[in-house]
Amino acid sequence: MTTQFAYTHNIIDCLDTGVFVVDKHFTVQLWNKFMEVHSNFTESKIIGKNFFECFSELPKKWFERKIHSVFMLNHESYTSWEQRPYLLQFSHGRSVTGQLDFMYQNCNFAPICDQNNEVQYVCVTIKDMTDIAISTMQLKEACAELERVSSIDGLTHLYNRSHWEKAFTNEVERIERYGGEVSLIIFDMDYFKKINDQNGHLFGDQVLREVAQRCKEVLRSADVIGRYGGEEFVIFLPETNVQEAALVAEKLRKKIAEFPVSYEGVTLPVSISAGFTASNTDNHDFEKLLHQADIALYQAKQAGRNQCIGYTD
Amino acid sequence: MSESLDFNEDQRDYLQEICNIGMGQAGESLSMLFEQYVTLSVPAIEIINAHELTPVLRRLIPAETISVVSQGFYTHITNPKFCGESLTVFSDTSFDNLAQLLEFDEEMTPEFEQEILLEISNIINGACLSGIAEQLSERFFNTPPSIIGQSIAVDNLLGNHKIKWAHALSIKIEYKVEKYSFQCDLLLLLPDNSIKYLQSILNKLLDEF
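For the record, the sequence lines run as chains A and B.
Residue numbering for the first sequence follows this note's numbering, beginning at 575 and increasing consecutively.
Residue numbering for the second sequence follows this note's numbering, beginning at -13 and increasing consecutively.
It should be emphasised that the hints constitute simulated quantities derived from the structure, not laboratory data.
All C-beta atoms, glycine included, are put in the ideal place defined by N, C-alpha and C.
All the pointers check out, no bait thrown in.
Output of the computed footprint for chain B on chain A, the stretches with three or more beta carbons under 8 Å from beta carbons of chain B:
{"id": "1", "region": "628 to 637"}
{"id": "2", "region": "641 to 651"}
{"id": "3", "region": "655 to 666"}
With these hints in hand, go ahead and build the complete structure from the sequences.
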């Protein structure tokens, strides 16, 4: 045994970590400076008191179980801010810029044994994790924003092609596994090249934005629309048969042709041609469905545009 | 495979014996803590080659998706440094059952589910490691538990990280609490240097025996 350094207690008070000790009856035995500063209790006021009586906000049963397991197993226990933000409601150093109610904490519950290796006390340490918590949460927000941005088409704010394809693949796989059906609509702006050439790309962009907006007004919340290419749009409709898909396609066509698009003094009528198809028992193939809808779209164009045609074998 | 890592028959028997006794103690203290009968399997010990890790893990953990909690353990001052990692593997998790086992009665949230995984792993680890440590006349220290994957495939357990060891000793123990149809596996893994240290302790104990 090394000789006892005379200032151990002073050192415990120097730590930038909360340290306190309770016995089996949750009577407080030690309370360091950090705890004094952050709680409303001075050492002299809390030593000998019951911990729960001092901190009524504490989830009592949970804390009892935690301490109980340390006594029984003679093994440390832990909490992390990521699952349980704090043990005690302490203020923190980011009171102005932090946007958090309380200090986020990592806690350690360690057994203190006597000579016979019997646990007599539990020492709880509380580490201030507020800064790390704030930056981790900012990082998570940034990742979520990146994910959102990478799935969206900047012009129309619809899903972009790669995200839409991923969602459609998942839907087709879901049907393969669990059954059900899905319909698919592909549509294309009529005479878009001419609109662009005669009125400029800015006018063309406005047409695409306007069409995307009109689609959103018609579609149901489960329908998933994406911008597939320049002026080409795709929609898959979960749990929708081909007759229902025909109705949706026709509703879209009407909605888009109903009003002209105006931009900076120019007003032009717009319309779309659409092809649609639906899955059936022996057709759950992503590529095949796209191909079928494409063929139907081509037929709609050939038949004079501003119309919807369903795929037939 | 370097020869020094092979266990001879005496070492292997003795290690098996130590693990069996350790697990017996662990089972007892867990049963007391949970106030439920906890069944532990006989520890299965083997040496894993790093390059066969994935197929071995697939064999040891025959489940489609798993949640895994890792916890490091090490001894005080030894040469070479003795350290290892234990993985608690949950393959079919009913959080309501686990919460009952812990007598936690808070509202179920994703964070609370994680806390339950961490808590159960830490308890199982504590019981198990102190059982083995006592038999080895050692004391283990732990790092806090951390979740390394939730509902992931076994193949994704190690991600794309480069493995820094050549061989590892694996001790697998299965846990069961019948009443709550709770089951999980504990894998204690010791990399190269720690195997050598373990062998030196075993030799010392065998000499005394």
